[in-house]
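Each chain is listed here by its residues.
There are 2 protein chains.
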Amino acid sequence: MNGTTRTGTGAEAPVQRKRAPTLLAGLAANPVARRMLPILEWLPAYKREDLMSDFTAGTVVAIMLIPQGMAYALLAGLPPQMGLYASILPLIVYALFGTSRSLGVGPVAIVSLMVASTLVPLAPTQSAEYVGYALVLSLMSGLMLLALGFARAGFLTNFMSHPVIAGFTTAAALIIAFSQFKYLLGLELARTHLIPKILWEAFQKRDLIHPLTVLIAAGSLAVLFARGRIASFIRDRAWLDAFWSDIFGKSMPLFVVIATTALAWWFDLAAQGVKIVGEIPQGLPSVTMPPLDLGTVEKLAVGAFLIAFVGFLETVSVARTLASKRRQKIDPDQELMAMGVSNIAAAFTGGYPVAGSFSRSVVNFSSGAKTQLAAILTALIIALALVFFTPALYHLPKAVLAAIIVMAVASLVDFSPIHHMWRYMKLDAVSFISTFAAVLILGVEEGILAGIVLSIAFFLWRTSRPNLVQLGRLDNSQLFRDARFHKVTTYEKVLTLRVDMSLYFANAAYLEDYVLRYVADHPDVEHFVLVCSSVNMIDASALETIESLHSRLRDAGVVMHLAAVKSTILRRLKAVDFIDKLEPGRLFGSAHEALVVLTGVDPTVHAPKASRGEHTGETLAAAP
Amino acid sequence: MNGTTRTGTGAEAPVQRKRAPTLLAGLAANPVARRMLPILEWLPAYKREDLMSDFTAGTVVAIMLIPQGMAYALLAGLPPQMGLYASILPLIVYALFGTSRSLGVGPVAIVSLMVASTLVPLAPTQSAEYVGYALVLSLMSGLMLLALGFARAGFLTNFMSHPVIAGFTTAAALIIAFSQFKYLLGLELARTHLIPKILWEAFQKRDLIHPLTVLIAAGSLAVLFARGRIASFIRDRAWLDAFWSDIFGKSMPLFVVIATTALAWWFDLAAQGVKIVGEIPQGLPSVTMPPLDLGTVEKLAVGAFLIAFVGFLETVSVARTLASKRRQKIDPDQELMAMGVSNIAAAFTGGYPVAGSFSRSVVNFSSGAKTQLAAILTALIIALALVFFTPALYHLPKAVLAAIIVMAVASLVDFSPIHHMWRYMKLDAVSFISTFAAVLILGVEEGILAGIVLSIAFFLWRTSRPNLVQLGRLDNSQLFRDARFHKVTTYEKVLTLRVDMSLYFANAAYLEDYVLRYVADHPDVEHFVLVCSSVNMIDASALETIESLHSRLRDAGVVMHLAAVKSTILRRLKAVDFIDKLEPGRLFGSAHEALVVLTGVDPTVHAPKASRGEHTGETLAAAP
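Residue numbers (the numbering used here), protein chains in the order written: chain A, 20 to 643; chain B, 20 to 643.
Calculated directly from the structure, the hints in this document are not laboratory data.
Check the hints yourself; a few may be wrong.
[Stated by the list, open to error] Selected chain B positions facing chain A (in silico; Cβ < 7 Å):
no.: 1; residue: Arg53
no.: 2; residue: His181
no.: 3; residue: Lys344
no.: 4; residue: Lys348
no.: 5; residue: Asn555
[What the hints assert, rightly or not] Covered stretches of chain B, as calculated for chain A (at least 3 residues, CB under 8 Å):
no.: 6; region: 78 to 88
no.: 7; region: 353 to 362
no.: 8; region: 481 to 490
no.: 9; region: 574 to 588
[What the hints assert, rightly or not] Derived pair list, reagent style SDA-like, types lysine to any residue, alpha-carbon separation capped at 20 Å:
no.: 10; chain 1: B; residue 1: Lys348; chain 2: A; residue 2: Lys344
no.: 11; chain 1: A; residue 1: Lys344; chain 2: B; residue 2: Pro542
no.: 12; chain 1: A; residue 1: Lys344; chain 2: B; residue 2: Leu589
no.: 13; chain 1: B; residue 1: Lys348; chain 2: A; residue 2: Thr587
no.: 14; chain 1: A; residue 1: Lys348; chain 2: B; residue 2: Glu531
no.: 15; chain 1: B; residue 1: Lys506; chain 2: A; residue 2: Lys348
no.: 16; chain 1: B; residue 1: Lys344; chain 2: A; residue 2: Ala575
no.: 17; chain 1: A; residue 1: Lys593; chain 2: B; residue 2: Leu589
no.: 18; chain 1: A; residue 1: Lys348; chain 2: B; residue 2: Ala539
no.: 19; chain 1: A; residue 1: Lys348; chain 2: B; residue 2: Lys593
no.: 20; chain 1: B; residue 1: Lys445; chain 2: A; residue 2: Lys344
no.: 21; chain 1: A; residue 1: Lys445; chain 2: B; residue 2: Leu589
no.: 22; chain 1: A; residue 1: Lys445; chain 2: B; residue 2: Ala575
no.: 23; chain 1: A; residue 1: Lys389; chain 2: B; residue 2: Ala575
no.: 24; chain 1: A; residue 1: Lys600; chain 2: B; residue 2: Trp441
no.: 25; chain 1: A; residue 1: Lys344; chain 2: B; residue 2: Lys585
no.: 26; chain 1: B; residue 1: Lys344; chain 2: A; residue 2: Gly576
no.: 27; chain 1: A; residue 1: Lys506; chain 2: B; residue 2: Ala539
In this text, a Cβ means the ideal position worked out from N, Cα and C, and glycines have one as well.
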């Protein structure tokens, strides 16, 4: 607080690491470079004892990422190797630029779905054209994220409310799960986001369901579903200790992949109609040039923006959660730039849009990752796998990848917030349900846009009808309270109104209408005191409305006063000489001060002198 | 206030008017009918002494309306008689349904411009197709207004902020004025909203400027411009008394019309190239059926909505101003219905979209109109003019109508708000300028949409970065004040933060980031007290963020507490058992109570016991 208590690994780093290369040391001493390249914070101060935990975590994440990467690429309508390509350079680039120490970057389920929903109308999946579009999409998302980062516009993502995010995520997870139906059943089904359509088509083609594929899918799902129990079983028997049995559980997807691939190869299941992944090009991705042209850019703009937006949302929320567990900070604007550069890296190395994965980040963190060195290691393992092991994946059944996807998204389907929101604030539950329904009915992009528009509309609607509280004097004290809930004294000559909301263009007229109607209905009112203790802002429209209310009230023989105005607002009001314009109205420090001056009531006595009428809250509540 | 002081002409009406027809009396006694047909309020209670003022006002408005109606119809790209047709039935209908006693309904300048900007891309002006579209536009606007009225959605119009309205009006007035250039100069110019293009084309065609037309236009403009001075001149000479000289001034447009028409007829100016109005069909409009079909409806939907929206805005703002001058009420939702029915009436009687005119309403009011009987009279005079006097208007030069339009909109051009807004709140000045520029560059409809989106975006942006105030204890009192502006005591162990804004999805993350960053930078902090005295609402997203902040802080070893929560919010928090979840954090009545409990400080002594550090506001202001 006083500047001397500040601790931190970065601040003292250049002193600690005297043997660091001069360029690195020079960069690390430069505060701008340190902000733009957070790796300069942790790498020079890297502790040797962290190496083992980073190594373990990096390996565990790589084991998860190999099947997930391929599966998500298929979900996105892309060849499986693109998921692996997207898991090399983007991870390394994020390690340089990102502020989170444990974020697991790479292909993620919802972004993959959004890629498909953007590109499927434009080209046949898996085609060269489709792949080209995916590269452009990744480049555009990356550039957008970078631009938002430079504009320090990370706050934009806050405009998606939690009900919208929750409704969207649940609906998207359902769409993803049902999109895997065709692989799980071994059927040819049309790509659509409409779940009943998928179910209907599957029902119509029920005779074509491939029993062997269903068996493999069911077996894989069962093993994946039981992986936690298998891990505890092994731990309880003391075959492995807690740490290794946990890692065993996390590696289950890879074991399923290995086992089913071996089975498929041994029994040549492909010949019996089981769909397999087939040939995956061996070796590292070559540098690709996204086929940019103006027409493509125009077609993909909305999709790229939404992908950037949603991907970033997931990234930031995971990064925030993990950082706070170790009392570290993340910088959302720097995260925007890091994700931007990662996506650009994906575009030029044959990948597709990436984001911070919730599941892999959590695994990374819980497996002990201390720094982004773990992610760099993950990337190296994926690269090695691409160089040496792709031929081994030839016989991997697609149904297994589908099972991995279904298990990964199952945890995202969560309707529990509805009940909670309904009890807390009904409008938020409506936001959840509307977004959920819009995504399922209209599609992913349209649904999320509808959700954003809706949550903003609901917010505006909510603020457009502020709580107007008629105040009365409590027990002849200095205190003023809501006349509906307290037995207070009100004065016919004076209308004392507290606005429980900032005044702005959308609600100022509501206040004006209320006051004018009240004054028209109550000819005895001579003074109107606007109590601003809860008003945090008055914009120019509201100020104009207050001025017009003031002059309209004057026409009607009522004097308007202000009370308890916050100093930040007061400074603005004085800048435009509003206090002079308020004449003959006055500015009071409090509602009580206003009452004393306007009615001549003596604040120390116990019976109000000047009051011409006395009402309990009940009477007032009936007034319009 | 107590229900017995309520005065009103309507409540006792059925008793007063014993000779009223039974149907009328029955209707007037029905409260629903009285709300839907406000004429039942005033007509049965009509006072004979008001008849003379209503008669005068109705006549003066009719004299204004004859040239204005024709001029605005031409501005809208329609034959002049449609402006007169729109000035009969819509006025009578409004008199039945409207809640304003002195509103002057009929063609208005900005709505006419919007009609043109909607229809010009669709059909050649003055063509039968164009006229048909105008009827449909009127019908659609009317139905939309009616629907909004039934939905009681009058508040929607509040979403246009004053800077947007001011910027839009000024830009629209400029576009209208320059659209008359061709008539004033006697040139053929292309219709466009781009003023530089008009000027450039006029410059290129400068050799074709018609001197005689310019002379007539300049003369008309001079007389209209000087009408106030002419009226004072006559009054000062005592040729007429104040009342009649005022009416003389208001009738100046009609005098100019009569004089120039006579000149044009006498010297046959049309033969010398002066454009004249030409034949106007004699007689009342026949009942027209708007040529409705789905394609047309789709093409006109946005335009109809914006016309309804803008027309209603003008209507309500005039009606509010005039009603408050006599301490009368207007009901915005009933106004929506009344304007809806008026527009539908216009559609079926050969008119085009109408609204409440600012200039004519003010004239109506100041000429003494007491009730809508004045408007009914205006309508009858217009009808008489159509039956008897249209042949006399054959030789009226179009340049004169253009001059009348230019004078009418000149007062709408007003840049003065910019300066005021700039001093008060810069963002509002930016709204004004952006809307102004958008209208001039993009066009009327696009500009107004851009303005609405912008003002909502600015509002959201403003609320997305709430004022976060670190509080400190003032002079060992119970009072807590902003540590930046007051010399207060703060406590290293306790971060006391007041949020000066309702918490909702767009700003909750900002609070969370701030607190987490602060806690990461200040390892001594053990307690965080969120002071909610200025928080009027916490939506579900913000609640979730608070919950996650709470658990993230707990991970970091900091306990979160709430203080001074409003009872409306408290009730919601209790409904979802939030107070239990807050454990070990607590709910305090005030910041002071929190401090006493958390630091063990004794509120009555003058030296803080438990404080480990003391800071002035200056030190704290430097903290991030």
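Honestly, which of those hints from before does the structure not fit? As far as the earlier hints go, 1, 6, 7, 10, 12, 13, 15, 17, 19, 20, 22, 25, 27 are violated by this structure, in ascending order.
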